[in-house]
Every structure is written in C-alpha cells, then in structure tokens.
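Asker: So you can see what is in the structure, the chains are spelled out below.
2 protein chains.
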Amino acid sequence: MSDVRRLSLNQATVQHLDVAQAADLCVRHAIPAIGLWRGPVADAGLSSAAATVRAAGLHVSSLCRGGFFTHADPAARAAALADNRAAIREAAQLQADTLVLVSGGLVPGSRDIGLARRLIADAIAELVPAAQELGVRLAVEALHPVFCADRCVISRLGEAVDLALQFPADAVGVVVDTYHVWWDAQAGADIARAAGRIASYQLSDWILPLPAQTLLGRGHIGDGHIDFAPISAAVAAAGYAGYIEVEIFNQEIWDAPPDDTAATVQQRYAALPG
Amino acid sequence: MSDVRRLSLNQATVQHLDVAQAADLCVRHAIPAIGLWRGPVADAGLSSAAATVRAAGLHVSSLCRGGFFTHADPAARAAALADNRAAIREAAQLQADTLVLVSGGLVPGSRDIGLARRLIADAIAELVPAAQELGVRLAVEALHPVFCADRCVISRLGEAVDLALQFPADAVGVVVDTYHVWWDAQAGADIARAAGRIASYQLSDWILPLPAQTLLGRGHIGDGHIDFAPISAAVAAAGYAGYIEVEIFNQEIWDAPPDDTAATVQQRYAALPG
Chain A
1 MSDVRRLSLN QATVQHLDVA QAADLCVRHA IPAIGLWRGP VADAGLSSAA
51 ATVRAAGLHV SSLCRGGFFT HADPAARAAA LADNRAAIRE AAQLQADTLV
101 LVSGGLVPGS RDIGLARRLI ADAIAELVPA AQELGVRLAV EALHPVFCAD
151 RCVISRLGEA VDLALQFPAD AVGVVVDTYH VWWDAQAGAD IARAAGRIAS
201 YQLSDWILPL PAQTLLGRGH IGDGHIDFAP ISAAVAAAGY AGYIEVEIFN
251 QEIWDAPPDD TAATVQQRYA ALPG
Chain B
275 MSDVRRLSLN QATVQHLDVA QAADLCVRHA IPAIGLWRGP VADAGLSSAA
325 ATVRAAGLHV SSLCRGGFFT HADPAARAAA LADNRAAIRE AAQLQADTLV
375 LVSGGLVPGS RDIGLARRLI ADAIAELVPA AQELGVRLAV EALHPVFCAD
425 RCVISRLGEA VDLALQFPAD AVGVVVDTYH VWWDAQAGAD IARAAGRIAS
475 YQLSDWILPL PAQTLLGRGH IGDGHIDFAP ISAAVAAAGY AGYIEVEIFN
525 QEIWDAPPDD TAATVQQRYA ALPG
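Listed in order, the protein sequences are those of chains A and B. Residue numbers for the first sequence follow the numbering used here, so the first one is 1 and each next one is one higher. Residue numbers for the second sequence follow the numbering used here, so the first one is 275 and each next one is one higher.
Derived from the structure by calculation, the hints contain no laboratory data. Accuracy of the hints is not assured; some may be wrong.
One side of the interface only, derived from the structure: several residues of chain B facing chain A at Cβ under 8 angstroms [what the hints assert, rightly or not]:
(1) 419
(2) 480
(3) 484
Here are the in silico distance ranges between beta carbons for each label pair [stated by the list, open to error]:
(4) B:442 to A:16: 53 to 61 angstroms
(5) A:79 to B:369: 56 to 64 angstroms
(6) B:317 to A:76: 18 to 26 angstroms
(7) A:4 to B:486: 57 to 65 angstroms
Simulated coverage check for chain A against chain B, where a stretch passes if three residues somewhere in it have a Cβ under 8 angstroms from a Cβ of chain B [stated by the list, open to error]:
(8) 62-72
(9) 149-160
(10) 198-212
(11) 221-229
All C-beta atoms in this analysis are idealised placements derived from N, C-alpha and C, irrespective of residue type, glycine included.
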C-alpha cells in the first residue's frame, strides 16, 4: 500500500474545478496536497488562491507550468522569459515545491531540433538567478516523444537530467512522470542519475487507443499499460520522499463527477505497492 | 541532390496496388527498387511475385515484415516463430536485402516490458540459424515510443543496435527509419554505433496533428517536421550504401492516384541533400 499522506491531486485531473473547488475536493477526500495550474490561479487571483489552499491546510506540490522557451524571434523569447519570471514569483507566493517546465517544441518554422534544445538550456540559465533569489526550484519535464515536435523537444528523462545537472541542484531538478517515461529502457538508470534532482513525481497511465487529441490519452492508474512499481521503486531509491501527484488529462474523466474522480485517484494510488 | 539510383518505393506507400501494379509503377517512374509486404506477395503467390519484380528489373530492398515475438503462451510463441521462419524463406526467394522485424508490444495481459524485451532477444536468437542458412539478413526496427505498448517495445534505435550486436553482423542488422528516430537526441550516436549493421534506411515525415489512427500519421518528405539531412549524413557516415526506401502510411496518400504519389516520392527524395 502506498502512503496516502504523500498523495497530491494535480488540478488538471479535475479540469473544470476552480482553485477553491479543487481545494475543497482534496479536503473532502483527505488528499493532503494539490498541484496547481497558473490559469485557474490567475482566475482566482494569486493572493486569494494562496490563501485558499493555505486555509484548506493543503501543501502545494507543484505549479504548472513555465517553459515554452523555443523562440528564435527576440521579442517572443523576451516575452517567454518574462512569463517564466512571473511564474517563478507565483510559485514562490504559493509556496509550491517546484515550478514545472514544459520546454517547448521545435522553433516555429524550423526543423532544427538542436537549436530548440540550445534555446532551452540558455533560457533556463537565464532563469536560475531569479529562481534562486525566490527559493523556487525549477523542474524540467521530459515529455513523451509523441509531443516532441509541438510541445517539448526534451523527450527523455535522460535529457532532462543532463540539462538539470548543468545548474545547482536547489535551482533545477526534473519531473519524473510515468506517462512520459514508462516506455524508456533507460528510465531506471536515468532515475538513478537523477538522485537529488527529482523535484516532482507524477502518475498517470498510458491507455489505448490514443484519442483524437493526443494530449488527452491518459488514464487512471491501472487502466492502462504502465507497470508503476519498478518506476516508483527507482524514484524512492533515488531518494525522492516528496509528494506524488496524480495528473490525468482525459475528457471522460473531466466529464465525470469530481468526487468520483478523487475517490478513484485515492483508491488506485493507495493500492499501489508502497 | 540525392542519388535516385538508390531510391526504393515501399509498397505500403501505395497500399491499394498489388505486386504487379506496384512494380509497374516503379518502372514507370524509374524507381529502381521496391520494398515488398508479405500480404500482397502471398496474394500474388510467392513465385509469381518474385518473377514479376525480377522481370521488371527491380531490386527488392526489403520484405516487411517478421516479428511480433512477444507471446508468453507457448503455442502462440511457436506460431510466431514458424511464421518468421516462413518469412525468412520468402525473403530468400525474393532476394530481398533484408527482412524487417517489428518485434511486438507488451505481452498480452502483461505490463512487464522487460519480459517482452527478453522474449524478443530469445526469438531472434532462435531465428538466426535459419536466416544464416538462407543468407537472409534480419533487420530489427525500433518503432517510435508511441507504439511501445501495442506494436514494438524496442522504442529507440539504441535498443535495436544493442539487440543486433548480440548476433553476427551478416545475420542481424537494424532499420533506421526517420519517422521513428528523428526525435531522439542520441540518434546520431546510435547510428554511428550501428556502423556495419544498418540493413535498411527508410524515410517518411512526422506530420501533425496525429490522425485518429496513430499508425497513419506519416507524410511525404518535406510535409512535416523532420530534418532529414543530418540523419542521412549520419547513415552515410556509418557506411550504409544501400537502397533508401520511402515508406508512408497515410490515408490521404493511399487515396491519391498512385502515379501522383510516385512522382512526389521521386521529387521529394531527389531534392534532399545527397
């Protein structure tokens, strides 16, 4: 059995709830932490959102998300950096454990994947001082290669680790997300390499067939093809003792009653080997 | 400009044509080689298919495909091995440069990806003597990780190379397929590691959005996001001097007049840096 005191519900799993509703849901289901998204936080107002989750007694395990650094155009690049600096300030005020970075796909109009990767490393280097000043840890997320062209050219955990290792450990870590890394024969070795760098551990399952919107092809733990136990064991062996977020993008789950979703999240998580 | 004397049309690109029609198409468009599929070859009759392509003066750059080894059930496993032995005999009679292996996804009812990978290595070991006896080279194909669960747990070229290196080079090589490997930051290094092991080089482009049937999301060269030049340069630097196949799964292209498709294949290929 997993330790439910480490469970966090990522707000994206209950897409239609605002911050207050999502916080109430966590409280009703004895889920002690929440992963927040910048959109609903902005809708609630940053101070109000921070007060709401604090009053609910919830820990904020992550803020999603910064990133989208892959602009060659100077104005677009400056705007992305400014937006990420804002995200760092928001993460600080929310006392989030980490700010998740989805780094961006190919540069618009370009097929140069190396260029995109260099722009990402450069952008993170520019953000590190701001992150350190406010005590916010950035978390580089590798996305499944199916998202390489349009969302994130950091396609393997190993690449995220290589990136993070260029910076101080308190400033830059990585996300381990089962959905994105389960297929990778090197995932276990890369999780070990990430010791001291794991800033977030997220769970969802790989289900088939893929839906028309590829982004929404995630399932509840146990509904798909992922063997969670070895990944969780590797994450634990690498020293990660933080919250474990369930983050599911799935239209059917979004359309379900949120209390049903939270109950399923809780049950499926608890039933994992711990 | 690429050398059109090295171009091969994979039959899957003109899905609705039988072997004789596909061979005629290649001749009409001065495409000197063809990649055949076992289904249409069986429809034509093996001897007749072999005679047809030979009479047309075409080289057979590959036979697609063997594989699907990931069965734990002994009867299913024996059937898969028997089918692969038949495929080896067919490849020999067609004088194909290689028999492409799509290794199979997770074992039915299992989430143990390590088990699936072990079953693949074991199956290839069993097939190597038959392949050597008939002078057929097997080509392990890594499929894009989006196909990991249901089609091929060999998700990176590096894994395919690791597998091939366990066996004699004349018996087991790898396929480099741009569609499957373009996203991988290690692809260049793994192509270099594959020197002397590249048995097939296949081209198609990664287009977005993905179609409802994930398998059919390939495009003509230049219609998508892949930078072909560095991959082709790495393949050439690794010593591969064989045919270069264009293999596209795409409903729109299948529905187009085959002569238009062949002309586009020819033009787009020729325009690549060579």
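Asker: Does each hint hold? Answer for all of them.
Answerer: Hint by hint, here is what the structure shows:
1. Taking 8 angstroms as the C-beta contact cut-off toward chain A, the hint placing residue 419 of chain B at the interface holds, the least distance being around 4 angstroms.
2. The criterion of a C-beta within 8 angstroms of any C-beta in chain A is met by residue 480 of chain B, whose closest approach is roughly 6 angstroms, and the hint holds.
3. Interface restraint check: residue 484 of chain B against chain A, minimum CB-CB distance 5 angstroms, threshold 8 angstroms, status holds.
4. Separation of residue 442 of chain B from residue 16 of chain A is about 59 angstroms and conforms to the stated range, judged on CB atoms against 53 to 61 angstroms.
5. Range check, residue 79 of chain A to residue 369 of chain B: Cβ separation about 58 angstroms, and the 56 to 64 angstroms hint holds.
6. Here the CB-CB span from residue 317 of chain B to residue 76 of chain A is close to 53 angstroms, at odds with the stated 18 to 26 angstroms.
7. For the hinted restraint 57 to 65 angstroms between residue 4 of chain A and residue 486 of chain B, the CB-CB distance of approximately 38 angstroms leaves it violated.
8. Chain B is given as covering the segment 62-72 of chain A, and this is violated because 0 residues of the stretch bring a CB closer than 8 angstroms to a CB of that chain, at least three being needed.
9. Counting residues of the segment 149-160 of chain A whose beta-carbon sits less than 8 angstroms from any beta-carbon of chain B gives 6, enough to reach three: the coverage restraint holds.
10. Restraint check on the segment 198-212 of chain A versus chain B: 5 residues with Cβ-Cβ distances below 8 angstroms, three needed, restraint holds.
11. Against chain B, the segment 221-229 of chain A contributes 4 residues with a C-beta closer than 8 angstroms to a partner C-beta. That satisfies the three-residue criterion, and the hint holds.
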